[in-house]
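Engineer: For reference, the chains in residue letters:
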Amino acid sequence: MDWVAVALTEDVPAGVVIPSRIEDTDLAIWCAPSGRYHAWSDRCPHRGMRLSHGFVRGETLACIYHGWQYRENGSCDYIPAHPKLTPPSTICVPTYACTEADGVVWVSLHQTDSAMPDMGGRQPVRSMPINLSASDLAAHFGAEDFTTIAVVSDHDVLFAVQPCTDSACVIHALASPDADRSSVSRWLEDLRATLEGVPA
Amino acid sequence: MILYDYVLSASCYKVRLMAALLGKALTLHAVNFHPGREHKSAEMLALNPQGTLPVLTDGDTVLTDSADILRHLTVDQPEWHTEEDERWLAFASDLNNSLGLARLHDVIGYEAVIDTARAAGVMALRKLEAHLTEQRFDGLIFLTGKAPTIADIACFPNTALAPDGGVSLDPYPSIRLWMRAIRSLPGFIEMPGIHRLHELAHPA
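Residue numbers (the numbering used here), protein chains in the order written: chain F, 13 to 212; chain W, 278 to 481.
Keep in mind the hints are simulated off the structure, nothing from the lab. Careful: at least some of the hints might be erroneous.
Label-pair ranges, simulated between beta-carbon atoms [unchecked claim]:
hint: 1; chain 1: W; residue 1: R460; chain 2: F; residue 2: T107; range: 23 to 29 angstroms
hint: 2; chain 1: F; residue 1: R198; chain 2: W; residue 2: H311; range: 37 to 43 angstroms
hint: 3; chain 1: F; residue 1: S194; chain 2: W; residue 2: D345; range: 29 to 35 angstroms
hint: 4; chain 1: F; residue 1: P25; chain 2: W; residue 2: H311; range: 37 to 43 angstroms
Beta carbons: idealized from backbone N, C-alpha and C, even for Gly.
Go ahead and model the full structure; you've got the sequences and the hints to work with.
Structural biologist: Shown next, in the form of structure tokens:
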């Protein structure tokens, strides 16, 4: 598992941080005002608060608990209770490889030289959680791997799948550039209802 | 106007938030809903025989339904209304039986079939997310119009408080951006469990 889709870029505009996860790894995904995306461990090194509850402050991410601010490389930049202190370099949030391509935010939990999956010129539609494991979803469509699943459909849909738990994943859906996104969204809702076996 | 209020009530917060956004003054009369059950006291039952909160009095007018109160507060302000609001006011009312019930179960020990309440809450969030996603396809962020309406204010509290009832909001990007837009409105106020967007100064 190299690159995994964790969000669509339009869902994480500059200045926004969101919670996410890849299997057992909780992530804070945030977009700096510069437009650069970051994927960090979702845990403040100070008291363990989820950094995804925090806020983007300039080109830093700040914890909502005590306001500790972290630079884009994950190192602590500022501690409000000790404004004259230069924080020691050992105070650092674990960071992961994160980049944007084709309107999708991609994360790799380990260093990788792999290329980003090819979206084939499709447009991003929406991200949708589903109560089904990523591997079960891939199996349903006869795909060997869940990273991307091409779905035979009216809208030339492609799923980039984010594994979350043994019974849940998130589908990041892309579709043909001329597809009506509302139609694709409703088709996705129906698909989820079918696959989860409950009425929509 | 006097609001008979309980600080942890999502429906009372709807009224406080609406008044704050309008810049209208409310006199708050705190009611000890839990554990005092003061909303069932003789004085409160005389005001509202249903024994529910919120209650708003404005002169001789007594209103006991939060949607009615939102309509009353905005009666002379058409910019807070669209024709589509009614269905979302009904949706907001239904949230009391799903997300709202799960929260009251977890926070103050209400009796509930908690798994059923949470499952209904997830289905409601999915409907809200699907609608807000389609709004965003049209370049809109609020539920029924270009600007916020009473529908947004009615649906916001129980949605934003869902995590207090054990229902995660993590998987809903359109709901997240909608809540962010509401929290960004001038005059926005918070309640326990709903914080404002931070505007702390950047260090020098």
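Engineer: Using the C-beta atoms of R460 (chain W) and T107 (chain F), is the stated range 23 to 29 angstroms upheld?
Structural biologist: holds, 28 angstroms
Engineer: For R198 (chain F) and H311 (chain W), compare the CB-CB distance with the range 37 to 43 angstroms and indicate the outcome.
Structural biologist: holds, 41 angstroms
Engineer: Is 37 to 43 angstroms respected by the C-beta to C-beta distance linking P25 (chain F) and H311 (chain W)?
Structural biologist: holds, 39 angstroms
Engineer: Determine whether the Cβ-Cβ distance between S194 (chain F) and D345 (chain W) falls within the hinted range of 29 to 35 angstroms.
Structural biologist: holds, 33 angstroms
In the structure shown, no violation is registered for any of the earlier numbered hints.
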